[in-house]
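Trainee: Make a model of the complete structure from these sequences and hints.
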Amino acid sequence: DTGVSQNPRHKITKRGQNVTFRCDPISEHNRLYWYRQTLGQGPEFLTYFQNEAQLEKSRLLSDRFSAERPKGSFSTLEIQRTEQGDSAMYLCASSLGQTQYFGPGTRLLVL
Amino acid sequence: DQQVKQNSPSLSVQEGRISILNCDYTNSMFDYFLWYKKYPAEGPTFLISISSIKDKNEDGRFTVFLNKSAKHLSLHIVPSQPGDSAVYFCAATVSGGYQKVTFGTGTKLQVIP
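If you read the protein sequences in the order shown, they are chains A and B. Note that the first sequence ends on residue 158 in this note's numbering; no numbers are left out. Note that the second sequence ends on residue 606 in this note's numbering; no numbers are left out.
Do not rely on the hints blindly, as some may be mistaken.
With a Cα cut of at most 25 Å, we get these calculated PhoX-like pairs of lysine-lysine [said to hold, decoys possible]: (1) K549(B) x K561(B); (2) K593(B) x K498(B); (3) K593(B) x K547(B); (4) K549(B) x K498(B); (5) K498(B) x K564(B); (6) K104(A) x K498(B); (7) K118(A) x K593(B); (8) K593(B) x K104(A); (9) K58(A) x K104(A).
Over 12 Å on every C-beta distance to chain A, these chain B residues come out as not near it, computed from the model [claimed, not checked]: (10) Q507; (11) I511; (12) N515; (13) T556; (14) S562; (15) P572; (16) I605.
Short derived list, chain B residues pointing at chain A, Cβ under 8 Å [claimed, not checked]: (17) Y525; (18) L527; (19) F539; (20) D577; (21) F582; (22) S588; (23) K593; (24) V594.
Hints listed in this document are in silico derivations from the structure and should not be mistaken for laboratory results. Every value quoted in this text rests on a predicted model; they were computed, and no experiment measured them. Note that the Cβ used here is the ideal one computed from N, Cα and C, for glycine as well.
Mentor: Written out as structure tokens, the structure reads:
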């Protein structure tokens, strides 16, 4: 399978804990995006990488969130001191041109 | 502010008939539009796109129409099949920049056998 993959698919954590998600984009794609989706809403943009450079961050990305893309390949999204409001589906997408291709997402539940 | 709007949260259509999903946008900078289909517990799957230089794009059973003056686009599915039952997201972006995609809130399509 050569699509975007994300791990884990599901994560349950307690409030205050740190969590980290991983995204492996389609191999030749140089652009990588993170989105968050809550119930009844469309995905909302969080951040964007071109190769290893993080070029844009949404105001939704508070200082508890950090994303990296070392060597321009896979990316990680870390949430520190999780809050119940962080419960959502976290989606990763990659692209070479104008069309973004999404992974299956990581569903986070903060208790 | 909701820059991409899908005002119909749900739509039911008989199998074999046409499904028409509508979308409006407010940001005149948007010049590339996409439709994604999403099943529960999965990520959005790209369906079809259209550039603002066109007013129609067709791919098999799926056709997207763009009316720039009205800032409106629609997705037509003909004929509708039960496997088309999913949530459909309209999305828009500004090409040439970082191309972050702005999504609508989705329309849940149910195709009744």
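Trainee: Starting from the hint list further up, note which numbers the structure goes against and sort them upward.
Mentor: 20
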